[in-house]
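Heads up: the protein sequence lines correspond to chains U and C, in order. Per the numbering used here, the very first residue in the first sequence carries number 1; after that it's consecutive. Per the numbering used here, the very first residue in the second sequence carries number 1; after that it's consecutive.
Mixed in with the good hints, there may be bad ones.
No copy is singled out in the list; a pair is fine if it fits within one copy or between any two copies.
[Claimed, not checked] Below, computed lysine-lysine pairings styled on BS3-like, alpha-carbon distance capped at 27 Å:
(1) 134 with 250
(2) 520 with 340
(3) 125 with 31
(4) 125 with 53
(5) 106 with 154
(6) 340 with 437
(7) 54 with 250
(8) 324 with 6
(9) 33 with 339
(10) 339 with 324
(11) 134 with 192
Source of the hints: derived by calculation from the structure; they are not laboratory data.
Number of protein chains: 2
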Amino acid sequence: MSDGRKRVVIENVKPEIGGGAFPVKRVIGEKMKVEADIFSDGHDSLSARLLYKKSGGRTWKEAPMAHIENDRWRGEFAARETGNYLYTLAGWVNHFATWQRDLQKKYDAGQDIHVDILIGIGLIKEAAERAPEKERAVFDESIHLLSQEKEREKIILHALSEELRGVMDRYPDMRDATRYGKELPVAVERLKALFSTWYEMFPRSCSREPGRHGTFQDCEAVLPEIQRMGFDVLYLPPIHPIGKTNRKGKNNTLQVTEHDVGSPWAIGSAEGGHKAVHSGLGTLEDFRRLVGKAKEYGMEVAMDIALQCSPDHPYVKEHPQWFKWRPDGSIQYAENPPKKYEDILPLNFETEDWEGLWNEIRAVFLFWIENGIRIFMVDNPHTKPFRFWNWLITGIKAEYPEVIFLAEAFTRPKVMYRLAKAGFTQSYTYFTWRNTKYEIREYINELTTTDAREFFRPNFWPNTPDILPEHLQYGGRNAFMMRLVLAATLSSSYGIYGPAFELLVNEAVQGKEEYLNSEKYELKNWDWDREGNLKDFIARINTIRRENPALQTTYTIRHYNIDNDRILAYGKNTEDYENIILIAVNLDPFHTHSGWITVPIRELGIDPLQPYLVHDLIGDDKYIWQGERNYIEINPNTSPACIFRIRKRLKRETDFDYFM
Amino acid sequence: MSDGRKRVVIENVKPEIGGGAFPVKRVIGEKMKVEADIFSDGHDSLSARLLYKKSGGRTWKEAPMAHIENDRWRGEFAARETGNYLYTLAGWVNHFATWQRDLQKKYDAGQDIHVDILIGIGLIKEAAERAPEKERAVFDESIHLLSQEKEREKIILHALSEELRGVMDRYPDMRDATRYGKELPVAVERLKALFSTWYEMFPRSCSREPGRHGTFQDCEAVLPEIQRMGFDVLYLPPIHPIGKTNRKGKNNTLQVTEHDVGSPWAIGSAEGGHKAVHSGLGTLEDFRRLVGKAKEYGMEVAMDIALQCSPDHPYVKEHPQWFKWRPDGSIQYAENPPKKYEDILPLNFETEDWEGLWNEIRAVFLFWIENGIRIFMVDNPHTKPFRFWNWLITGIKAEYPEVIFLAEAFTRPKVMYRLAKAGFTQSYTYFTWRNTKYEIREYINELTTTDAREFFRPNFWPNTPDILPEHLQYGGRNAFMMRLVLAATLSSSYGIYGPAFELLVNEAVQGKEEYLNSEKYELKNWDWDREGNLKDFIARINTIRRENPALQTTYTIRHYNIDNDRILAYGKNTEDYENIILIAVNLDPFHTHSGWITVPIRELGIDPLQPYLVHDLIGDDKYIWQGERNYIEINPNTSPACIFRIRKRLKRETDFDYFM
């Protein structure tokens with residue numbers, strides 16, 4: 001029977017992930033909107049506040065909450081530092097607000113309000129007692145004014161004033177306030193967690209001399225070109241020594257020659273394991289130099305961490321307890337019956353020595369952090385326990401809040417979401433296989449309008465070393481361009497596996513979505529300037545992303561209607577509508593399509609009677625539109641997409657440059 | 001770093017109300033289906049169990065859970081006693097199931113399974129150690145069988161057998177099982193909590209002598225008639241002494257004569273308060289006799305508890321601290337500015353003496369419980385704190401689990417739901433104002449397909465003493481019949497305010513949904529047998545409800561398509577499909593409507609090529625239908641609705657009585 005007078009209820013708080021077990025994710029400065037059902041019994045007016053602070057901090061900051069409708073309230077804040085924040089809510093019955101509301105009604109109905117004014121004076125006196133000494137004068141003045149019985153007009157004007165309400169709201173009666181029962185976590189990360197542009201490449205294929213194994217130094221030579229294309233993350237597959245035992249040959253075959261280089265994911269040899277560098281690529285020193293050079297070009301190097309071992313990995317001898325052993329004395333290799341992956345041994349997370357294993361993996365991450373790495377791409381995290389990831393990522397981020405973890409998990413939806421909850425900054429997605437208008441819209445809605453938007457940051461990839469999707473196999477150059485624009489404008493983080501992507505590599509293993517002669521099993525010597533390459537187009541798209549803040553978040557996306565099912569239209573804008581982007585993509589790489597698009601001009605603040613300028617940032621064409629419905633036509637052979645910037649202030653000048 | 005090997009995740013458990021803060025509601029024997037996302041990292045097979053027990057009980061009962069799809073699992077149980085139950089979940093990696101699954105694949109691919117069999121034997125040995133001594137023989141036999149190296153066929157047959165799986169599943173390796181972190185509550189009530197038929201009547205209007213104040217004895221005389229109509233709850237407005245100060249006259253006016261009887265909701269006079277009986281109705285002894293007589297007629301008496309006082313209530317003098325006092329020394333009456341209700345004083349739940357107030361109210365409920373009452377209808381619970389209700393109802397039900405509380409709250413949706421969460425057994429609803437097909441379907445969906453279905457039990461009322469809805473004012477007899485069928489078949493609990501309902505009283509205060517010359521302010525002498533009354537029709541509908549278990553729950557309802565927006569069609573069935581009811585209601589009281597209805601025959605188990613019988617239980621007409629689409633036509637002047645029972649086993653006999 002405690003707190004019997006706490007009448008306000010706070011429930012159905014959003015966001016609240018897993019009942020508060022997992023943090024909501026934000027980057028610095030990104031709005032954190034919090035909603036809740038807040039109500040009490042009866043008909044009194046209420047007030048509510050959103051409280052937030054850095055985790056471990058002593059005092060709560062306050063943001064006001066406002067009633068939206070149907071007992072739903074909303075408030076917001078934005079964090080200014082990386083690290084963990086907490087938020088909670090408070091709500092209380094506001095007797096003074098109730099009094100003002102009712103007084104207004106009584107006064108309007110011509111009723112005697114003499115006693116009501118006395119009640120109000122009582123409320124003001126109580127507030128005065130809550131206020132510090134130096135503020136009391138304001139209250140005394142109000143009380144004096146309301147006590148001038150003859151000045152009825154003056155009394156009512158003051159009693160109902162916003163000014164008096166404001167003074168009273170500074171010292172509310174919160175004795176019986178309800179505090180929401182939980183303090184909910186927010187993980188605040190740096191901007192790149194939300195807005196990043198990834199380029200994946202195999203260092204060993206960077207040599208320009210046919211047949212020679214590429215090195216970190218060769219990588220340095222291609223940095224300017226990658227920078228010119230506009231990428232800010234350079235992501236390398238595993239750089240560790242590769243096992244010899246059961247090594248796979250070209251095209252993942254069992255026929256191996258001594259020239260075969262093996263898969264970088266078969267990690268570990270006599271040379272070393274996860275903390276070592278493949279000698280063919282260079283030394284640890286060379287690697288650190290590459291990391292430094294990349295930085296000069298505005299790029300961070302992301303490392304691939306694959307928690308698995310070749311049979312030659314030092315762990316096998318040093319920590320046999322981390323592997324499964326079969327009754328015949330052999331070691332358990334990876335399998336997906338009836339398929340066998342004999343060049344790869346999984347780590348056994350059910351080992352009695354799981355603490356030893358966890359600590360060693362943590363040591364691997366810390367080793368590379370000490371060597372300058374702040375972005376990790378984690379290979380198949382879904383085959384390692386969620387608890388492990390939560391422990392690992394939480395621990396590392398406590399010390400290095402700037403570290404970014406990308407989950408390379410193509411698996412079942414709930415497993416992918418759980419990895420994000422466990423702490424992964426970004427995640428691979430199903431974008432790679434979402435091609436039709438319906439599929440893309442449904443998937444975007446799932447990512448941006450459900451709880452997932454609060455903890456799952458998508459990273460869209462049109463291709464990866466593991467996946468050459470069917471539409472890239474058959475759709476030609478236009479399909480590559482179309483998928484690039486989709487990835488780059490639907491999601492604020494995206495990446496490509498190059499140079500296979502910009503060189504339009506589209507030969508697949510028969511009947512599969514795998515690259516024929518995949519780089520995973522052999523060296524390549526790419527002609528980086530091959531005719532028809534997409535480098536300029538990619539550079540253009542990434543420039544548009546950099547110059548338009550609307551494209552630097554995923555979550556503001558809205559679908560637009562257009563009367564053609566082969567054209568996908570959507571928009572993003574900054575909260576102040578200074579930057580409005582409208583994207584229209586022809587999903588058919590073979591034919592020209594056209595249609596009438598519906599622009600939500602009311603929401604965008606466009607006068608229905610005034611023309612407005614739409615500027616296609618890809619082709620640099622400008623069009624004058626008016627009203628809601630406008631015509632577009634997209635010939636995929638010119639460009640399979642338009643990225644329009646909408647500029648509102650058309651003043652009927654002839655010079656378009658006038659428009660901002 | 002504890003529990004590092006617990007790989008299974010259990011999340012998104014449904015039902016789980018307010019994170020487990022509030023119980024799910026069920027009646028004895030009612031299925032409790034529990035779903036959760038259950039998955040682990042990797043690709044191992046999992047097992048899961050639903051655990052439940054009576055609160056305070058020592059051992060958990062187990063129900064199996066099965067995978068549905070997309071990592072969603074489901075299990076169910078039904079409670080056998082009233083009171084509080086708890087449920088939770090457990091999930092674990094089932095290495096033996098994984099082994100069987102993989103062995104099958106390897107065997108099918110013709111691979112050597114020698115080592116795999118050895119691994120299986122190891123798993124069986126481990127299980128044997130978990131089993132009690134007397135069960136070990138079964139395991140030894142399996143091990144022996146699998147060790148007969150030459151009997152390859154026998155080995156594989158046994159290794160993959162359901163039988164072996166069954167034995168192993170009895171002693172699973174649950175060392176690293178994940179237990180869901182919460183024990184979630186279920187409040188189990190008696191059947192009437194779910195299925196009840198209410199008749200509200202003013203005892204003071206039961207006299208058959210014009211002008212004489214009716215008594216409890218007069219009520220006894222009408223019991224047979226109410227029983228004949230099929231009601232099982234007789235609900236009486238407040239029976240307490242009525243205040244004299246500021247008493248309201250007829251039609252809620254301020255002109256009062258000494259003959260005016262006042263509103264029963266202005267509770268308390270010199271005669272007594274909430275524990276006293278209005279002397280005009282009889283004595284407490286008379287009341288107890290009425291309760292006993294009602295029982296003989298199969299009815300429970302429900303009491304109206306209105307927590308408010310007339311200015312003459314003894315509390316005002318005995319507990320002045322329970323009221324608000326104004327600065328001029330007067331007591332605060334109820335108001336909704338600019339309206340004033342000077343005959344009613346609200347209790348002030350913000351009083352310093354809230355504990356005294358709470359305890360006294362509890363004493364009021366207990367007083368009536370001791371006098372034989374087990375059903376309370378609580379007037380305007382939404383103007384008293386939720387915490388109070390939760391404390392009161394939880395406390396009373398701990399001692400008297402059979403007590404039913406109906407919340408007479410017509411207020412905002414979230415407030416109504418919160419009252420249900422706080423403990424109210426049933427609740428008033430917006431049904432009274434839901435008239436069109438769209439409105440009704442949307443509302444039914446909200447009540448039966450959202451979380452509300454787990455804790456909010458609707459009670460549908462076509463009219464109440466406070467509300468004569470517009471469609472009853474204008475729609476005539478057909479509208480009364482139509483609304484009755486809707487209430488009685490959409491919801492398993494419903495009620496009418498009679499005899500105003502069955503006598504088709506439809507005169508309202510001009511422009512309002514209030515009864516003209518309302519019984520709330522004056523005595524009535526009803527002609528209970530007035531021509532055109534609906535007593536037979538009501539009796540028929542209530543008989544149908546009693547005879548058809550499908551109608552005894554609200555939550556199985558499904559909408560059926562029909563190509564006429566004036567006809568609402570829906571169905572309910574028992575889980576075994578033995579009782580299938582299809583209801584079609586013509587929502588237009590003035591015109592005949594017809595249309596083609598789509599019957600989901602596949603789901604109902606009806607052969608598309610075989611005819612089936614539909615028997616209209618209202619008109620006793622029988623029709624032979626076939627396939628999905630069938631024609632219906634409803635003339636509201638005959639009956640505004642059909643309640644079809646579908647009988648499947650049509651054998652083309654001429655005698656329909658053959659059909660069960």
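Consistency of the hints with the structure:
Taking identical chains as interchangeable, the C-alpha atoms of residue 134 and residue 250 are never at most 27 Å apart, the minima being 82 Å within one chain and 57 Å between chains. Taking the closest pair of Cα atoms, residue 520 and residue 340 come within 27 Å of each other only inside a single copy of the chain (17 Å); across copies the shortest separation is 82 Å, beyond that limit. For a Cα distance limit of 27 Å, the shortest separation of residue 125 from residue 31 qualifies neither inside one copy, at 38 Å, nor across copies, at 57 Å. For the homomeric pair residue 125 and residue 53, neither the shortest alpha-carbon distance inside one copy (32 Å) nor that between copies (55 Å) is at most 27 Å.
Taking the shortest Cα distances, residue 106 and residue 154 sit within 27 Å of each other inside one copy (16 Å), while across copies they are farther apart (92 Å). Within a single copy, residue 340 and residue 437 get their C-alpha atoms no closer than 38 Å, and across copies no closer than 59 Å, so neither meets the 27 Å cut-off. In the homo-oligomer, the alpha carbons of residue 54 and residue 250 never lie at most 27 Å apart, since the shortest distance is 52 Å inside one protomer and 63 Å across protomers. When the C-alpha separation of residue 324 and residue 6 is checked against a cutoff of 27 Å, the pair qualifies only between copies, where the shortest distance is 18 Å, while the shortest distance within a copy is 57 Å.
For the homomeric pair residue 33 and residue 339, neither the shortest alpha-carbon distance inside one copy (48 Å) nor that between copies (38 Å) is at most 27 Å. Proximity of residue 339 to residue 324 under the C-alpha cut-off of 27 Å is restricted to the intra-copy arrangement: shortest distance 18 Å within a copy versus 79 Å between copies. For the identical chains of this complex, residue 134 and residue 192 are neighbours neither inside a copy (47 Å) nor across copies (63 Å), given an alpha-carbon limit of 27 Å.
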